[in-house]
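Listed in order, the protein sequences are those of chains Y and Z.
The opening position of the first sequence corresponds to residue 1 in the numbering used here, with each subsequent residue numbered one higher.
The opening position of the second sequence corresponds to residue 1 in the numbering used here, with each subsequent residue numbered one higher.
The hints are simulated quantities; they were obtained by calculation from the structure and are not laboratory data.
In this list, chains with the same sequence are indistinguishable; a pair is considered to hold if it fits within one copy or across any two.
The calculated lysine to any residue pairs, modelled on SDA-like cross-linking and capped at a C-alpha distance of 25 Å, are:
1) Lys-370 <-> Gly-283
2) Lys-207 <-> Phe-410
3) Lys-207 <-> Arg-89
4) Lys-147 <-> Glu-440
5) Lys-370 <-> Gly-387
6) Lys-207 <-> Arg-28
7) Lys-147 <-> Leu-266
8) Lys-25 <-> Leu-212
9) Lys-363 <-> Ala-339
10) Lys-268 <-> Asn-136
11) Lys-268 <-> Gly-187
12) Lys-207 <-> Arg-26
Number of protein chains: 2
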Amino acid sequence: MKTIIPAVQDAHTARRNGMRPEPRKRPRVVIVGAGFGGLAAARELAHADVDVLVINRTNYHGFWPLLYQVATAGLEPESIAYPARAILRRYRNADFLLAEVGGVDFERRAVLTDVGEVTYDYLVLAAGSTTNFFGNAHVEAHTLGMKDLDEAQRLRNHILACFEHAAAEPDPARRAAMLTFVVVGGGPTGVELAGAFSELIRHVMRKDYPMLDVNQAHVMLVEATDRILATFPESLQHAALQRLERMGVDVRRNVPVADARPGALLFKDGTELAAETVVWAAGVRAAPLAEALGVALGRGARIKIEPTLTLPGRPDVFVIGDMAYLEGYRPGVAYPMVAPVAIQMGEQAARNILARTRRNPLKPFRYFDKGQMATIGRSAAVLDAFGVQMTGWPAWVGWLFVHLMELVGFRNRVLVLLNWAYSYFTYDRGVRLIFGVGAEPVKQRLVTVR
Amino acid sequence: MKTIIPAVQDAHTARRNGMRPEPRKRPRVVIVGAGFGGLAAARELAHADVDVLVINRTNYHGFWPLLYQVATAGLEPESIAYPARAILRRYRNADFLLAEVGGVDFERRAVLTDVGEVTYDYLVLAAGSTTNFFGNAHVEAHTLGMKDLDEAQRLRNHILACFEHAAAEPDPARRAAMLTFVVVGGGPTGVELAGAFSELIRHVMRKDYPMLDVNQAHVMLVEATDRILATFPESLQHAALQRLERMGVDVRRNVPVADARPGALLFKDGTELAAETVVWAAGVRAAPLAEALGVALGRGARIKIEPTLTLPGRPDVFVIGDMAYLEGYRPGVAYPMVAPVAIQMGEQAARNILARTRRNPLKPFRYFDKGQMATIGRSAAVLDAFGVQMTGWPAWVGWLFVHLMELVGFRNRVLVLLNWAYSYFTYDRGVRLIFGVGAEPVKQRLVTVR
Numbered sequence: 001m002k003t004i005i006p007a008v009q010d011a012h013t014a015r016r017n018g019m020r021p022e023p024r025k026r027p028r029v030v031i032v033g034a035g036f037g038g039l040a041a042a043r044e045l046a047h048a049d050v051d052v053l054v055i056n057r058t059n060y061h062g063f064w065p066l067l068y069q070v071a072t073a074g075l076e077p078e079s080i081a082y083p084a085r086a087i088l089r090r091y092r093n094a095d096f097l098l099a100e101v102g103g104v105d106f107e108r109r110a111v112l113t114d115v116g117e118v119t120y121d122y123l124v125l126a127a128g129s130t131t132n133f134f135g136n137a138h139v140e141a142h143t144l145g146m147k148d149l150d151e152a153q154r155l156r157n158h159i160l161a162c163f164e165h166a167a168a169e170p171d172p173a174r175r176a177a178m179l180t181f182v183v184v185g186g187g188p189t190g191v192e193l194a195g196a197f198s199e200l201i202r203h204v205m206r207k208d209y210p211m212l213d214v215n216q217a218h219v220m221l222v223e224a225t226d227r228i229l230a231t232f233p234e235s236l237q238h239a240a241l242q243r244l245e246r247m248g249v250d251v252r253r254n255v256p257v258a259d260a261r262p263g264a265l266l267f268k269d270g271t272e273l274a275a276e277t278v279v280w281a282a283g284v285r286a287a288p289l290a291e292a293l294g295v296a297l298g299r300g301a302r303i304k305i306e307p308t309l310t311l312p313g314r315p316d317v318f319v320i321g322d323m324a325y326l327e328g329y330r331p332g333v334a335y336p337m338v339a340p341v342a343i344q345m346g347e348q349a350a351r352n353i354l355a356r357t358r359r360n361p362l363k364p365f366r367y368f369d370k371g372q373m374a375t376i377g378r379s380a381a382v383l384d385a386f387g388v389q390m391t392g393w394p395a396w397v398g399w400l401f402v403h404l405m406e407l408v409g410f411r412n413r414v415l416v417l418l419n420w421a422y423s424y425f426t427y428d429r430g431v432r433l434i435f436g437v438g439a440e441p442v443k444q445r446l447v448t449v450r
Numbered sequence: 001m002k003t004i005i006p007a008v009q010d011a012h013t014a015r016r017n018g019m020r021p022e023p024r025k026r027p028r029v030v031i032v033g034a035g036f037g038g039l040a041a042a043r044e045l046a047h048a049d050v051d052v053l054v055i056n057r058t059n060y061h062g063f064w065p066l067l068y069q070v071a072t073a074g075l076e077p078e079s080i081a082y083p084a085r086a087i088l089r090r091y092r093n094a095d096f097l098l099a100e101v102g103g104v105d106f107e108r109r110a111v112l113t114d115v116g117e118v119t120y121d122y123l124v125l126a127a128g129s130t131t132n133f134f135g136n137a138h139v140e141a142h143t144l145g146m147k148d149l150d151e152a153q154r155l156r157n158h159i160l161a162c163f164e165h166a167a168a169e170p171d172p173a174r175r176a177a178m179l180t181f182v183v184v185g186g187g188p189t190g191v192e193l194a195g196a197f198s199e200l201i202r203h204v205m206r207k208d209y210p211m212l213d214v215n216q217a218h219v220m221l222v223e224a225t226d227r228i229l230a231t232f233p234e235s236l237q238h239a240a241l242q243r244l245e246r247m248g249v250d251v252r253r254n255v256p257v258a259d260a261r262p263g264a265l266l267f268k269d270g271t272e273l274a275a276e277t278v279v280w281a282a283g284v285r286a287a288p289l290a291e292a293l294g295v296a297l298g299r300g301a302r303i304k305i306e307p308t309l310t311l312p313g314r315p316d317v318f319v320i321g322d323m324a325y326l327e328g329y330r331p332g333v334a335y336p337m338v339a340p341v342a343i344q345m346g347e348q349a350a351r352n353i354l355a356r357t358r359r360n361p362l363k364p365f366r367y368f369d370k371g372q373m374a375t376i377g378r379s380a381a382v383l384d385a386f387g388v389q390m391t392g393w394p395a396w397v398g399w400l401f402v403h404l405m406e407l408v409g410f411r412n413r414v415l416v417l418l419n420w421a422y423s424y425f426t427y428d429r430g431v432r433l434i435f436g437v438g439a440e441p442v443k444q445r446l447v448t449v450r
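Please take these sequences and the hints and turn them into a complete structure.
This is the structure in structure tokens:
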């Protein structure tokens, strides 16, 4: 029988409840974050002689690679989220705490949360990343991010409301701004989102809004440098660019953004674009927790770590995934903020913790690069793995397969597969519903009072 | 080719856009509400020589009979909502407007909305119902309603958060209040919800929270009168009561509620119950629009109408569904506020509109009663139709079948069927995710500061 003392229920409170405080027998590993990295560490520790507590600010694991499909009405948010407890209850030594972590007291070995302190013997920090607005408060206020379920649902509500209001808007200039969808940032997220916008408009909105001339709708992908998908080989960059343009996406390169206003985006060259929808996919940075720790940070506010994934001078504290800054590929270039790095770091951190409990030496992190891919639209993707480069239908099927397999939980896989099959055969998007987070504001914000 | 002038784009604004205002050739039927009644009227008018405009405050049709499953983490909200435009775009004469209707100017034949006025030749008012708190502001403030997707999602988030906080709560009295789930009202909604609460706790939460003694969790169904499912035959009332009690639901009859405070419910007999979750399913009343019209109202603030479904003295204005008060069964008893009545009224209103355009006499409404049913839990339901009364597994399968068939849209049917099959075979509930509407408040509200 599994007996777990609730994490924040310490000896003092246990006594108050008439329970005898159980003596702590095994080292406690606290993992902050239930993303790819944190859960990989918990899985690796599942059968070890330690107690594991995962702390997360939501009660689920989010599969963010498919978030852009939630934002474009292709998937319901529920299909890419999986209850953290449903994962952890399979491990006999793991428990979960729903809490927001605000800091760590390294001297007292305590994680500071909004529901109290949690002490640790070993700590794994895996709190992930957040949108990087590069310090521009206007951009933060007047563009839409896409980093969690709420933001994706807000974006979905926003774009659907834009169409509703455009259908009732007599002023051509205002109507054009409502039907202009700008994505800033030519990385995989920006490319995937721009492609999905284009398909949503051409396949679905065209039928839903016969009174609107869909040619008025304008999808734009704005990139500051001269290339999209910069980390991919040049041939794939070119293929992606061609495909996007064939889908009607207006790709603008060498166009750095200077600022944002409500309903408008301002570029460095002084020009301005009226758009009710601007999605900021131009960069990510480590979660705010990184800055709260008082440790040395690298680019993107990521925490500088040792090759063993430990915090310098704190051999019991591990930092992994998007939060960690570790140069590996070549000097000056850190491991990228992607799921495979986080997963492999999580596993290595867990192995190093076990090594320490056994007084064995820690091993440095070594990344096994399985390649990268991005989808652009229906039957269109780019894939670069093990020296092989693919485009078009084979790459797209590879993308579908890998993402379906990586999703946690049978139910979520079937839901996603069902939605994909439905969209593929009907050219429809099932989730074009305005409700939930941000539904009321968008319904009101864009209304023209007459 | 379908050409529709957006509803609020009148001759004046059309001219501003350089369009020639099209002369109005056909009578315009405005339908307020995209529920069962409104959509039935639109469907009946689909091939008629009229223009139809459906106005709704959300962009979807909600299938409310399954709302309690959304509230108990069994279904995602998206699976019981279907985009209104996806329904209406099949009809060549129908258009949709996302707007909130605040009133009607009967003299000028104009519907007053938050995006402007919409004129009509014929009007169908089908705005449905809302929770009836019987004027008690405390009850409204301190209990949870369950009338739309947002409220159901808020309830789901709330009950999941109760378990999370209970797991970290050392005080037994506070923990007991967090694990007490009260449903007020013994009608079909209350019975279904209480049963679903019980199954969620016994099948799912027991595994998710091994540190909590699930016997501490307490599901209570509170009814003011001496019977639950009062509209059903007595044998079925009895069967439902027995079944609920076997599932561990504490059914309290003859216990009228007097008032509510934060975290507590007060009864007429002076006793008090500490509970963090109180769901108010004790009554419904017509949507607020009914009171804004300045017409004669019956019980539950429903609009008194003629047998032809018209407003007295306004033969071009029809009121149907939950909003309509029409005595039919026997003197003094109005048609019940259920989907079949709304659907049949919608069809009759449409036929009467067509009769008027042809200068034929209107026909009075006649209800064809197909019976009623309610589900209690796994393999348990009660069914009363065409003189046949059923309980247990056959009634449950009948309930599943009817509800699946009534759902709009192939995709939604498959989603719901998939969720049901998943829950049936795994005893799991897939959607136990805290996010979206109300997620942040519940995460904070219940936290014990230590």
